[in-house]
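Trainee: Chain by chain, the residues run as shown.
4 protein chains.
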Amino acid sequence: MRNFTETKNILFVGGDRRQIRAINETVKNGNTVSILGFDTDVEGEFEDNVQILGDWSEIEALYDAIILPLPYTMDGRTINAPFSKREIVINEVFDGISKKNKIIAGRCDNKIKTMAESHRIMLIDYICREELAMMNAIPTAEGAIQIAMEETPFTIHSSKCLVIGNGRIGKVLSKMLHGIGAKVTVAARKKVDLAYGFAMGLETTAIDRLDDKIGEYDIVFNTAPSLIVDYALLSKMKKEVLIIDLASKPGGVDFDEARRKGIKVVWALSLPGKVAPDTAGEIISSTIANILDETEGIE
Amino acid sequence: MRNFTETKNILFVGGDRRQIRAINETVKNGNTVSILGFDTDVEGEFEDNVQILGDWSEIEALYDAIILPLPYTMDGRTINAPFSKREIVINEVFDGISKKNKIIAGRCDNKIKTMAESHRIMLIDYICREELAMMNAIPTAEGAIQIAMEETPFTIHSSKCLVIGNGRIGKVLSKMLHGIGAKVTVAARKKVDLAYGFAMGLETTAIDRLDDKIGEYDIVFNTAPSLIVDYALLSKMKKEVLIIDLASKPGGVDFDEARRKGIKVVWALSLPGKVAPDTAGEIISSTIANILDETEGIE
Amino acid sequence: MRNFTETKNILFVGGDRRQIRAINETVKNGNTVSILGFDTDVEGEFEDNVQILGDWSEIEALYDAIILPLPYTMDGRTINAPFSKREIVINEVFDGISKKNKIIAGRCDNKIKTMAESHRIMLIDYICREELAMMNAIPTAEGAIQIAMEETPFTIHSSKCLVIGNGRIGKVLSKMLHGIGAKVTVAARKKVDLAYGFAMGLETTAIDRLDDKIGEYDIVFNTAPSLIVDYALLSKMKKEVLIIDLASKPGGVDFDEARRKGIKVVWALSLPGKVAPDTAGEIISSTIANILDETEGIE
Amino acid sequence: MRNFTETKNILFVGGDRRQIRAINETVKNGNTVSILGFDTDVEGEFEDNVQILGDWSEIEALYDAIILPLPYTMDGRTINAPFSKREIVINEVFDGISKKNKIIAGRCDNKIKTMAESHRIMLIDYICREELAMMNAIPTAEGAIQIAMEETPFTIHSSKCLVIGNGRIGKVLSKMLHGIGAKVTVAARKKVDLAYGFAMGLETTAIDRLDDKIGEYDIVFNTAPSLIVDYALLSKMKKEVLIIDLASKPGGVDFDEARRKGIKVVWALSLPGKVAPDTAGEIISSTIANILDETEGIE
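Protein chains in written order, with the numbering used here: chain C, 1 to 299; chain R, 1 to 299; chain L, 1 to 299; chain D, 1 to 299.
By construction, these hints were calculated from the structure, which means they are not laboratory data.
One thing to keep in mind: the hints can contain errors.
Said to hold, decoys possible - Listed next, with one range per pair, are the computed distances between beta-carbon atoms:
no.	chain 1	residue 1	chain 2	residue 2	range
1	R	I127	L	E294	34 to 44 Å
2	C	R189	D	R107	41 to 51 Å
3	D	G96	L	L227	51 to 61 Å
4	R	E294	L	D211	14 to 24 Å
5	D	N49	L	L227	33 to 43 Å
6	R	I127	C	P153	16 to 26 Å
7	L	E150	C	R189	36 to 46 Å
8	C	N110	D	K261	56 to 66 Å
9	C	E117	D	A206	53 to 63 Å
10	R	N49	C	P153	46 to 56 Å
11	D	A61	C	R189	35 to 45 Å
12	D	E294	C	E117	37 to 47 Å
13	C	P153	L	D256	47 to 57 Å
Glycine is no exception: its CB is placed at the ideal position from the N, C-alpha and C atoms.
Please take these sequences and the hints and turn them into a complete structure.
Mentor: See below:
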């Protein structure tokens, strides 16, 4: 999508298929790339000039950036590196590199923040970047549509779809559903969000008036991070409705009640990495490029 | 979608999930409906006032129409009736009904045509109806998109898609892909078809110039009923391309050559019944309603 | 839009602004172009290498094609040449050129056909080309939308629009209106046309059921070449409705009755040349290129 | 678009055609409405049960709201009341009403704010409402498209359009242009805005890289409130480009330089009231309804 302004020397440590794509994109954009933690199953998947390090001892003293995966850890102790033969302990990373380095990592928690501070290493979280969140709305929306297609015996086209929430995912999802031919209603709390939906040619409804028409919808997508699809709403839905919840934990649906009523709910989390790892990797790569551009010269 | 002008008395004999939906829609539109050949697994799936016949002996002398499934037979001998406990032999149908009846069946071959003629029973094939073909393009296109989503590690959004052929399926498929955000090119032979694609805001290319740019596409959908994706084109495609062939037998892709080159091809036939049986059933029901309207009073 | 396969030597005789653009496009595509009948007001508007002929005497013996305007005549006697200082009589053209020439003209009537036959000169009418009709649907639809915007005190967005007829213009117009955010209903006679409209995500209605809902529409576009918007329909319309009739003479609206009822009707003919002469000229140029490709070697 | 929760008693003082529509909508939603300042030319344009006051003396002691127009004044001294026989001096309004009243006015300046404070009258500006700004983006975008259609000899369809700025107007305008078939590029400063444009299926470019491709565009729409289309950009544009500036004063285009270069610029301000006064009035009416709902019980 975009190029670094000039060649950088970058080290990627760990990650899943998304990171493999991010690595290849970063090389294709003209950078020098070394990788650590990709020594099982995926040997043939890298561009020719990616330098595959076998060991922590092979790293250089200084990179323009060291990239950790998204999320950087699953267990709080080791780097998230499913394709690595051996564990890469987080401490090891910080102990092994000079202070001049800058770490760019996904979903930083207090642990890594503290560690970075005590080692006086600059740490940047790419999950906080607005453009990453906006771009990730694309594979998330598409993944939600794929699930809807798989889980219903009818077409999305001409089905009545409700999209709760008009944030990034809501906006992209509504647009795509409309583009396939669904009858889309956007539900939001704020009047300006309803006005946006109306401007985009969609039906709109205030969330506090949802119960009037909730029985009409064939598919309900929730993108809002609070319990909106509750006992009361579930009671008025069609029995055959499909609910797809895209809200992160604790989710926006009363799952127990839905089960009791026999309503099918799919709680779909982390869709980008699941349905479109290549696209997700490109998004990571382009976000890292943006971060590098903006932090150029800052130490 | 539409109602019969007035109540009809209709018998459905055999069929799969699509036919179940067609039956329920036909009842909901105010008709009297009897069914034969649905006595396994699907008992609870019919509207209350559907009359379930156990046996050929229970049929009445005269219906406004007797509906056979799509296709009416799989083996040339019995009615296609996967939910029937016992075989329903085609001969049996013709022998068991009076000449006054009218049979509406899907994909009539010479055998059933001859039989109808010799029994002097009016026979109408609903697969020949243009509006059914047009409507079926919707679940076909959506099914193709579902497959594309499932089989690629990237999003349809912003991928380069080629749609070969600009008939009914090509038109609907291009529109939906564009609606999701794909970069769509339509390939057709006739200049008027290219002009249509251009008018719809898509890129276009003549089929005989396809080889210029065939290497750019991420997904190739073929809807044209002739061997267009041949050795020469396959040689110039990306190795990672996904080909989805929607053309009925013998298909529009050199499958052997594709396999040899390691190019993934999905030959996707009869998608409506597979991906959206309810929608497919509604289409059948509405087409039958059209036929009944138009043949009213003809004997 | 496309290039001639190889350089041609072409003479344009007469025409309006559309033809000026067609001339310039034809030159830009690498052809040798001479023009006759453009010696008033428009001198500076041609590409450098267009050869401007002052007189019929300057023409060559043989061109690859001689292009007459659309329509080729307004009065049945002279070529339609509004930028010409003197009249160019039709007879003069035929008398002045060798039989080897081929004339490509717009909207040929019996007079010119007879003349071509008696002179044994090949005559091709570009108005008959399907791709020209399809392409012209674009400026026609856009012109209709421009009129609608100008003549209404409300936005097209979210207005209720009825498009009668689902031919080329109907298809493009519906698509564009929908793209702006109008609520579009397509009215057609044939069920397959309604199915197309439905597939495109629009509301549909049979023409013979129009009177049910005709009172709801804010703007009615007629594209069908027969009197559909008659006394009965006009009686049930909103008083503030705007009707835009795109049907060629005698039109599809009872104009007298509309006037009597105080309903505003705009009868909009020949829109491409009026609202987008450059686009219309490009369409002519590209159609001529197609004709030349296809008639290559035919004499 | 929406109803007041319950009947209100409302006084409208002054305004143009938009206000006439706002008045009629407010009545149709079930409220009691009196109006002052509409006694010339527009007598027949109100719903039957609108109470037309002839004079300030006829007003009641207390309304649920007193609505002033948008903008509430043109000269700083009198209410903006083009359909009023006599002047309505602003002071008069404040002096003539009890403190219990609430004034809802458009584009409040310090003068009216001070006056409201000193009279201890609650004053609310509807121009500050986000949903009004979002809704007004619709007629603004449509008006811009109308101008583009009128001022160009080519179709919007397939023309290359640049939309500078991705705020409310930019978003709606890009969407509509794309819906007509234009090739739309969104230019923005913030990466998240570019990501939004990309998600919506559009081309994007950073504003600081605009000069690379500025020569390609046929139409440039500016929505950003700063001087972006400056000497440098103008120098690289096509001579035939059309620039439509939607930014309020001082505008976003170097008008003098454009004139010098012979580039056509249309500075289009206050489009909603000009191109779609009825829609603009509906937006005002619905915003006022929202304000009344939210301020219910506040004094």
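Trainee: Does each hint hold? Answer for all of them.
Mentor: Here's how the hints hold up against the structure:
no.: 1; hint: I127/R x E294/L: 34 to 44 Å; result: 35 Å, holds
no.: 2; hint: R189/C x R107/D: 41 to 51 Å; result: 27 Å, violated
no.: 3; hint: G96/D x L227/L: 51 to 61 Å; result: 58 Å, holds
no.: 4; hint: E294/R x D211/L: 14 to 24 Å; result: 21 Å, holds
no.: 5; hint: N49/D x L227/L: 33 to 43 Å; result: 40 Å, holds
no.: 6; hint: I127/R x P153/C: 16 to 26 Å; result: 21 Å, holds
no.: 7; hint: E150/L x R189/C: 36 to 46 Å; result: 38 Å, holds
no.: 8; hint: N110/C x K261/D: 56 to 66 Å; result: 58 Å, holds
no.: 9; hint: E117/C x A206/D: 53 to 63 Å; result: 33 Å, violated
no.: 10; hint: N49/R x P153/C: 46 to 56 Å; result: 22 Å, violated
no.: 11; hint: A61/D x R189/C: 35 to 45 Å; result: 37 Å, holds
no.: 12; hint: E294/D x E117/C: 37 to 47 Å; result: 45 Å, holds
no.: 13; hint: P153/C x D256/L: 47 to 57 Å; result: 53 Å, holds
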